[in-house]
Amino acid sequence: MKRAFTLIELLVVISIIAILASILFPVFGQAKVAAKAITSLSNLKQIALAEQMYETDNDDDLIRLGTWNSDDPDAMGSFGDWAPWGLALWPYTKNNEILESRLIGGVLQANEIARRSYTRFTDYGYNYTYLNPTSNSDPTGFAQSLSSTSVGEPSDTIQFTERAGRASYGSQVYWFGPNTLWVMLALADSPICKNEPNYQCAGGWGSGGFWANYVVGQPEGEYTGGVAFRAGTMGIAVMCDSHAKKMSPGAMAAGTNWRPGIAEANVVLTDPTKFLWSANR
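In terms of the working numbering, the sequence shown opens at residue 6 and continues consecutively.
Because the hints were derived from the structure by calculation, they are not lab data.
Remember, it's a predicted structure, so these values are computed and weren't measured experimentally.
Even for Gly, the Cβ is constructed at its ideal location relative to N, Cα and C.
Heads up, some of the hints might be wrong.
[To be verified] Ranges of calculated distance between the beta carbons of each label pair, as one might list FRET restraints:
id, residue 1, residue 2, range
1, Asp64, Ser253, 33 to 41 Å
2, Leu25, Asp65, 55 to 63 Å
3, Gln223, Ala40, 16 to 24 Å
4, Ala39, Lys99, 27 to 35 Å
5, Glu102, Ser212, 29 to 37 Å
6, Asn100, Ala40, 15 to 23 Å
7, Thr275, Gly157, 16 to 24 Å
8, Glu14, Pro265, 44 to 52 Å
9, Thr278, Ser253, 12 to 20 Å
10, Gly266, Ser27, 31 to 39 Å
11, Asn218, Ser160, 33 to 41 Å
[Stated by the list, open to error] DSS-like cross-link-like pairs, simulated, lysine-lysine; straight-line CA separation at most 30 Å:
id, residue 1, residue 2
12, Lys251, Lys37
13, Lys251, Lys41
14, Lys99, Lys37
15, Lys251, Lys50
16, Lys37, Lys50
17, Lys37, Lys250
18, Lys251, Lys99
19, Lys279, Lys41
20, Lys99, Lys50
21, Lys99, Lys41
22, Lys250, Lys41
23, Lys250, Lys99
24, Lys99, Lys279
25, Lys250, Lys279
26, Lys50, Lys250
27, Lys279, Lys251
Produce the entire structure from the sequences given, and follow the hints as far as they go.
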């Protein structure tokens, strides 16, 4: 007599498989995110190393967020020949893909010039507020960037981070009117930049600001100045000494009173010794 599985036995096996799948699938998803985060860490590391080569060729000056009246054929001619920092790094990287985060899955359109597209629509932002500040006295231009030797604690000063993806705000450039800053969104805003009286700033961290109106979802930077936290609950940053690491929102906002839910207007510096966004403190 042949023995066969009973219906009850089959249902038990199916139930066990379903339970195992429910346990393992999230683990597989987390492993996939972790692998993509490693790629993003590598990208930021390479970007920072390329920036150091740029410094060597430019009297130790840190790269600017962008430059006007560029003679580069891939500059944004319709916006006054604007060339963002990614385009300035091209001679040192010779690589488009390092400006694209695998955590977001791509930002390019097929009909755009590759080099222009990657540098305009990068998934990484520059800590321009302090490393290449634009003052209120000259809001339409960019001041001279800092010298790398003036960054007193390069290992504790953020240089580039993951930032909100293009799909989160639909457009890449905003004009805020006469006597205001052209904002090329290849930038990362510091937690307190909106409350610094001497600097132009796209928007700080907290609710009610610029980024809360344009980005979709907290991981994309709705309350964190456009700085994205896609690696689970972690973001990725590279410091001025070129070491990259994953950081929580609280760790990136160290030295301030920022917390989830606080209004942008209320975020202030509380401990300069812990603040990671300034080369001067």
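Tested hints:
no.	hint	in the structure
1	Asp64 with Ser253: 33 to 41 Å	holds (36 Å)
2	Leu25 with Asp65: 55 to 63 Å	holds (57 Å)
3	Gln223 with Ala40: 16 to 24 Å	holds (23 Å)
4	Ala39 with Lys99: 27 to 35 Å	holds (28 Å)
5	Glu102 with Ser212: 29 to 37 Å	holds (34 Å)
6	Asn100 with Ala40: 15 to 23 Å	holds (19 Å)
7	Thr275 with Gly157: 16 to 24 Å	holds (20 Å)
8	Glu14 with Pro265: 44 to 52 Å	holds (49 Å)
9	Thr278 with Ser253: 12 to 20 Å	holds (19 Å)
10	Gly266 with Ser27: 31 to 39 Å	holds (32 Å)
11	Asn218 with Ser160: 33 to 41 Å	holds (35 Å)
12	Lys251 with Lys37	holds (16 Å)
13	Lys251 with Lys41	holds (12 Å)
14	Lys99 with Lys37	holds (27 Å)
15	Lys251 with Lys50	holds (12 Å)
16	Lys37 with Lys50	holds (20 Å)
17	Lys37 with Lys250	holds (18 Å)
18	Lys251 with Lys99	holds (26 Å)
19	Lys279 with Lys41	holds (29 Å)
20	Lys99 with Lys50	holds (15 Å)
21	Lys99 with Lys41	holds (21 Å)
22	Lys250 with Lys41	holds (13 Å)
23	Lys250 with Lys99	holds (24 Å)
24	Lys99 with Lys279	violated (36 Å)
25	Lys250 with Lys279	holds (17 Å)
26	Lys50 with Lys250	holds (9 Å)
27	Lys279 with Lys251	holds (17 Å)
The structure is inconsistent with hint 24 alone, although it conforms to all the rest.
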